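With the hints as a guide, dock the two chains, each given alone in a separate frame, to form the complex.
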Amino acid sequence: MKSEAFKNLLLETGDLYYFVIRFFKECFRPRYEFAELLRQCYLIGNKTLPLVGLTGFIMGLVITIQSHPSMEAFGAQSWLPSVVSVSLVREIVPVITALICAGKIGSSIGAELGSMAVTEQIDAMEVSGTNPFKYLVVTRVFAAVLMLPLLIVLSDTIALYGSFLGINMKQVVSFHLFTNQIFLKLSFGDLLPSLIKALFFGFAIGIIGCFKGFYTRNGTQGVGRAANSAVVLSTFAVFIIDLVAAQIADIFHII
Amino acid sequence: MSDSITYSKDPVISISNLKKSFGNNHVLNDFNLKLQQGENVVVLGKSGSGKSVLIKCIIGLLKPDSGSISVYGEEVPELSQEALDLMRVKVGFLFQGNALYDSMSVRENLEFPLRRHWNKQSKQTLNELVMEALEHVGLPHTVDMKPGELSGGMRKRIALARTLILKPSIILYDEPTTGLDPITAKEISNLLVQLQKEFNTSSILISHDMNCVKITANRIVLLIDGKCYAEGTYEELKKSNDIYIKQFFD
Chain A
11 MKSEAFKNLL
21 LETGDLYYFV
31 IRFFKECFRP
41 RYEFAELLRQ
51 CYLIGNKTLP
61 LVGLTGFIMG
71 LVITIQSHPS
81 MEAFGAQSWL
91 PSVVSVSLVR
101 EIVPVITALI
111 CAGKIGSSIG
121 AELGSMAVTE
131 QIDAMEVSGT
141 NPFKYLVVTR
151 VFAAVLMLPL
161 LIVLSDTIAL
171 YGSFLGINMK
181 QVVSFHLFTN
191 QIFLKLSFGD
201 LLPSLIKALF
211 FGFAIGIIGC
221 FKGFYTRNGT
231 QGVGRAANSA
241 VVLSTFAVFI
251 IDLVAAQIAD
261 IFHII
Chain B
8 MSDSITYSKD
18 PVISISNLKK
28 SFGNNHVLND
38 FNLKLQQGEN
48 VVVLGKSGSG
58 KSVLIKCIIG
68 LLKPDSGSIS
78 VYGEEVPELS
88 QEALDLMRVK
98 VGFLFQGNAL
108 YDSMSVRENL
118 EFPLRRHWNK
128 QSKQTLNELV
138 MEALEHVGLP
148 HTVDMKPGEL
158 SGGMRKRIAL
168 ARTLILKPSI
178 ILYDEPTTGL
188 DPITAKEISN
198 LLVQLQKEFN
208 TSSILISHDM
218 NCVKITANRI
228 VLLIDGKCYA
238 EGTYEELKKS
248 NDIYIKQFFD
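Those protein sequences? They're chains A and B, same order as listed. Quick note: the first sequence, position 151, residue 161 per this note's numbering, numbers continuous. Quick note: the second sequence, position 154, residue 161 per this note's numbering, numbers continuous.
Possibly wrong hints are sitting among the right ones.
[Stated by the list, open to error] DEER-style ranges, computed between Cβ atoms:
1. Glu156(B) - Arg235(A): 52 to 58 Å
2. Glu242(B) - Ile31(A): 25 to 31 Å
3. Glu156(B) - Lys180(A): 54 to 60 Å
4. Lys12(A) - Gly145(B): 54 to 60 Å
5. Ser13(A) - Gln254(B): 42 to 48 Å
6. Glu81(B) - Thr23(A): 33 to 39 Å
7. Phe29(B) - Tyr28(A): 17 to 23 Å
8. Phe29(B) - Arg49(A): 46 to 52 Å
9. Gln87(A) - Glu156(B): 57 to 63 Å
10. Gln88(B) - Tyr52(A): 27 to 33 Å
11. Asn24(B) - Tyr28(A): 48 to 54 Å
12. Asn248(B) - Asp25(A): 50 to 56 Å
13. Phe16(A) - Asn207(B): 56 to 62 Å
[Unchecked claim] Straight-line distance between alpha carbons at most 20 Å, and here's what the computed EDC-like set of lysine to aspartate or glutamate pairs gives:
14. Lys174(B) - Glu142(B)
15. Lys70(B) - Glu130(A)
16. Lys53(B) - Glu182(B)
17. Lys144(A) - Glu130(A)
18. Lys144(A) - Glu89(B)
19. Lys153(B) - Glu46(A)
20. Lys130(B) - Glu115(B)
21. Lys127(B) - Glu43(A)
22. Lys130(B) - Asp25(A)
23. Lys204(B) - Glu115(B)
24. Lys70(B) - Glu43(A)
25. Lys41(B) - Glu81(B)
26. Lys127(B) - Glu46(A)
27. Lys144(A) - Glu115(B)
28. Lys253(B) - Glu243(B)
29. Lys35(A) - Asp92(B)
30. Lys35(A) - Glu89(B)
31. Lys97(B) - Asp133(A)
32. Lys144(A) - Asp109(B)
33. Lys97(B) - Asp17(B)
34. Lys130(B) - Glu46(A)
35. Lys174(B) - Asp232(B)
36. Lys204(B) - Asp188(B)
37. Lys153(B) - Glu115(B)
38. Lys41(B) - Glu85(B)
39. Lys57(A) - Glu205(B)
40. Lys70(B) - Glu46(A)
The hints are simulated quantities; they were obtained by calculation from the structure and are not laboratory data. Computed from a predicted structure; not experimentally measured. C-beta atoms are modelled at their ideal positions from N, C-alpha and C, and glycine is treated no differently.
Chain B on its own, in the form it takes in the complex (with noise of 0.2 Å):
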C-alpha cells in the first residue's frame, strides 16, 4: 500500500510503556505504539506475542497493568463506563472469528449496534443504514439470513459491516483473513484498503498473513517479546538482515 500520505501531527492513538501480564507471563512490557489519522499501522507477531491482547487493552475489554493508552487524548483505563462506551462509537473492532450474534439475522446483528446508540432513528432510516453498510461489502441481498447460513468470507464481509455501520473513525482488525483461503483473503484486504479510503479511517490491524500485510500496511510495527522490536513500511523491513524481521519476510 502506498505510503506517501500525509498525517496530522496530533496522534489519534498514543500508547506509551504499555505492560500487561498474565501470572508470569509478561505479554506486553513496555510496549509503545502511535497512530496517525488515516494511517494503517500492522501490527506482526509471532502466534501468542499478545498482539490481540495488545488490541483488547485500546478498546478497554482489558484493563494493562501499566502504562498509558490515550484515544483522541483521552486515557482508556481511567475512563468511566458511560466514557467508554461513547469511546467505542469512534472505534470499530473486528474479531478474530467475528463474533456475530448466532441468534440474529445479518439485519438484527447490524442494527444491534445502532437501536443502542442512535435508538431515535426511524424504522426507515435504520433500515437504510444497514442496506448501506451491506452494499459497502457486496452483501445486500443477506440482510435477511443468519450467520450460520454464510460461508466464512461472507461472515467476515458482514462482521466489517457490523464494524462500518456506527461510521467509526479508528478500526482495530484482529487477524482478519485467518481462516480465509487465499483469493478470499486478497479479497478482504483489498476491501480493508477500500474502505478505509472510502470511510477516511485509522487503524490498527493484526496479522501474520504477509499477502494480507503487504496490501493493507502503511507502516509495520514488529512485536517481540512484548517490545516493539523494529517498525518500519514493508519494503524496509523486507530488506533487513535482521534474523528476527526476515523470518516473517521469508
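Pulled out of the complex, with its shape left as it was, chain A reads as follows (with noise of 0.2 Å):
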C-alpha cells in the first residue's frame, strides 16, 4: 500500500514537470491569447483583493501592538517603525500574501478547470480547433505571476499604514515622522527580494492549481478533490519557495 502511494507520488511528480516544460514551450508559442490573460488578470487581481488587503492591515495592525511592549522594555518605542515595516515588507507580507491566495486563486483554479474537465468543456475547446492548455493553463499561471507582485506591493503599503495606526493607539506618531523611521531603515533591496519571491509564489499557485484542474477525473468528487490538493501543494510549495528563498539571500548577503 506504502509501495503504491510512492509510486504514486512519483508517477504525479513526473506529470508535473511535463505539465511545467509543456507550459513553457506553449507560451511562447502562437497564438496569444491576450484578451483571456487580461480578463484573467481582472479575475485574480481585482477579486484578491479585499481580502489581501484586509489581512495586510490586520497583520500591519497586530505585529505593531504586540511589538510595543517587548520594543517599550527596551526603551526603544522609536525604533518601532523601522523594525516593523522591515519584517512586514521583507517577509510577513509577501509569505501572509501568497498563502491567501493559495487559498483563494488555487481553489478557484483547480476547481474551475476541474469542472470543465469532467463536464468535457475542455475536450470541446480541444475539438473546435482551440489549444486548452494556451487558453486555459498559460492565461491563468501568467495572470498569477503578474498579479502576486502587484497584490504584495499594495498590501505592504496597506500593512505599513495599519502599522501606523497601531503606534498611534499607544503614542502620537505624526505620519511624516512615521515614514521618515521607516524609510530610515527600509530600502528597495528590501523590496525587490520579496517581489522576486512573489513572482516564484504566483508562478507555483497558478501552475499548481493549472496541474490538480486539468487533470481532473471521477466527477464532482475529483473536482473537489482537485480544489482541495491545489490549495494544500500550493501552500507547500509557498513555504518550500521561501525557505530557498532566504537560503538564497543568505548565500548572496542580501540579507
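Listed below in C-alpha cells is the structure:
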C-alpha cells in the first residue's frame, strides 16, 4: 500500500514536471490569448484584493501592537516603525499574501478547470480547434505571476498604514515622522527580494492549480479533490520557495 | 428516415481494423465502418460498449492502439496538431453533456470557435453568423443568456448551434437525446434530420434511444464486443431473429 502511494507520488511529480515543460513550450508559441490573459488578471487581481488588503491591514496592526511592549522594555519605541516595516515588507506580507492567494486563487483555478474537465468543456475547446492548454493554463499562470507582486506591493502599503494606526494607539506619531522612520531602515533592496519571491509564488500557485484542475477525473468528487489538493500543494510550495529564497538571500548577503 | 439516397463512391470517413484498449478492457477490436457523403449512420450498442470511444478516436481526442481512421482521405492518428485543428473545422462534435462553457454567454459560446478560425471577420459579421445559427435551432432570444439559465433541451439546441456555426460537413453526435424527455428528444431528433438536409452534412450518431435511431438513421451499425456485429437499415435489423439484435428493438 505504501509502495503504491510512493509510486503515485513519483508519477504525479513526473506529470507535474512535464506540465511545467509544456507550459514553457506553449507560452512562447502563437496564438497569444491576450484578451483571456487580461480577464484572468482582472479576476485574480481584483477579486483577491479586498481579502489581501484586509489581511495586510490586520497584520500591520497586530505586529505593531504585539511588538510595542518588547520595544518599550528596551526603551526603543522610536525603532518600532523601522523594525516592523522591515519584517512586514521582507517576510510577513509576501508570505501571508501568497498563502491567501494559494487558498483563493489555487482553489478557484483547481475547481474551475476541474469542473471544465469533467463536463468535457476542455475537450469541447480542443475539438473546436482551440489549444485548451494555451487558453486555460498559460493565461492563468501568467496572470498569477503578474498579479502576485502587485498584490504584495498593495498589501505592503496597507500593512504599513495599519502599523501607523497601531503605533498611534499607544503614542502620538505624525504620519511624516512615521514614514521618515520607516525609510531610515527600509530600502529598495528590502522590497526587491520579496518581489522576486512573489513571481515564484505566483508561478507555483498558478501552475499547481492548473495542473490539479486540468487532469481532474471522477466527476464532482474529483473536482473537490482537485481544489483541495491544489490549495494544500500550493501552500506547501509557498513555504518551500520561501525557505529556498531565504537561503539564497543569505548566501548572496542580501539580508 | 428515408434511405433512398444515392451516395458518392468515396467514403468521407473510413475506419478499418480499429483497436483501442484501456488496460485489459478491449473496447474496440478490429472495428470497421464507412460513412458516405450525405449519409447518417447510427452506431448502436450497450452502455460501455465503446461507442463514445469510437467517435473520440475519429475526432482525435483519443489515440487508437492500431488501425486506420481516414477522414476525407487523411489519416487522423498521423495528423500534426495544426492539421488536426483544420480537420476539426470540417468535423463537428456534439457532446453528450453539451459541454457549453459555463462562464460564457450563449453569444460567447458560439463566437468562441468563430474567433479562432475566422478571426478576420468583423463584429457585425460574427453577430450575423451567431444569430443565423441560433435561428436554425429556434432560439435567437437566448443570445445573451448564460447556459445555466437554459433548460436541458435548450442547452442541447445551443450546443448544436455551436457545432453548426463553423458549417462542418461531417457531424459526430454523442447520444444527442440522453437526459431529455420523450417529447424534447423527438424534437431534437427531427431537428437533426432537418439540419442534415439543410446543410447537406454526413453524420455518425451514437445512441441507444430507439426513437431517435428510427427518426435519424439511414443505416445502423451494431457495436458488440468491440466489433461491427451487424449493419442495415432500421427495418432490416428490426426484422432480424438474432438474439443480440432483437434485444435492442424489443
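Tested hints:
| no. | hint | in the structure |
| --- | --- | --- |
| 1 | Glu156(B) - Arg235(A): 52 to 58 Å | violated, 29 Å |
| 2 | Glu242(B) - Ile31(A): 25 to 31 Å | violated, 55 Å |
| 3 | Glu156(B) - Lys180(A): 54 to 60 Å | holds, 55 Å |
| 4 | Lys12(A) - Gly145(B): 54 to 60 Å | holds, 59 Å |
| 5 | Ser13(A) - Gln254(B): 42 to 48 Å | holds, 45 Å |
| 6 | Glu81(B) - Thr23(A): 33 to 39 Å | holds, 37 Å |
| 7 | Phe29(B) - Tyr28(A): 17 to 23 Å | holds, 21 Å |
| 8 | Phe29(B) - Arg49(A): 46 to 52 Å | violated, 37 Å |
| 9 | Gln87(A) - Glu156(B): 57 to 63 Å | holds, 60 Å |
| 10 | Gln88(B) - Tyr52(A): 27 to 33 Å | holds, 30 Å |
| 11 | Asn24(B) - Tyr28(A): 48 to 54 Å | violated, 31 Å |
| 12 | Asn248(B) - Asp25(A): 50 to 56 Å | holds, 51 Å |
| 13 | Phe16(A) - Asn207(B): 56 to 62 Å | holds, 57 Å |
| 14 | Lys174(B) - Glu142(B) | holds, 14 Å |
| 15 | Lys70(B) - Glu130(A) | holds, 17 Å |
| 16 | Lys53(B) - Glu182(B) | holds, 12 Å |
| 17 | Lys144(A) - Glu130(A) | holds, 17 Å |
| 18 | Lys144(A) - Glu89(B) | holds, 14 Å |
| 19 | Lys153(B) - Glu46(A) | holds, 18 Å |
| 20 | Lys130(B) - Glu115(B) | holds, 12 Å |
| 21 | Lys127(B) - Glu43(A) | holds, 15 Å |
| 22 | Lys130(B) - Asp25(A) | violated, 41 Å |
| 23 | Lys204(B) - Glu115(B) | violated, 27 Å |
| 24 | Lys70(B) - Glu43(A) | violated, 27 Å |
| 25 | Lys41(B) - Glu81(B) | holds, 14 Å |
| 26 | Lys127(B) - Glu46(A) | holds, 18 Å |
| 27 | Lys144(A) - Glu115(B) | holds, 18 Å |
| 28 | Lys253(B) - Glu243(B) | holds, 11 Å |
| 29 | Lys35(A) - Asp92(B) | holds, 18 Å |
| 30 | Lys35(A) - Glu89(B) | holds, 16 Å |
| 31 | Lys97(B) - Asp133(A) | holds, 17 Å |
| 32 | Lys144(A) - Asp109(B) | holds, 19 Å |
| 33 | Lys97(B) - Asp17(B) | holds, 16 Å |
| 34 | Lys130(B) - Glu46(A) | holds, 18 Å |
| 35 | Lys174(B) - Asp232(B) | violated, 34 Å |
| 36 | Lys204(B) - Asp188(B) | violated, 25 Å |
| 37 | Lys153(B) - Glu115(B) | holds, 9 Å |
| 38 | Lys41(B) - Glu85(B) | holds, 19 Å |
| 39 | Lys57(A) - Glu205(B) | violated, 46 Å |
| 40 | Lys70(B) - Glu46(A) | violated, 29 Å |
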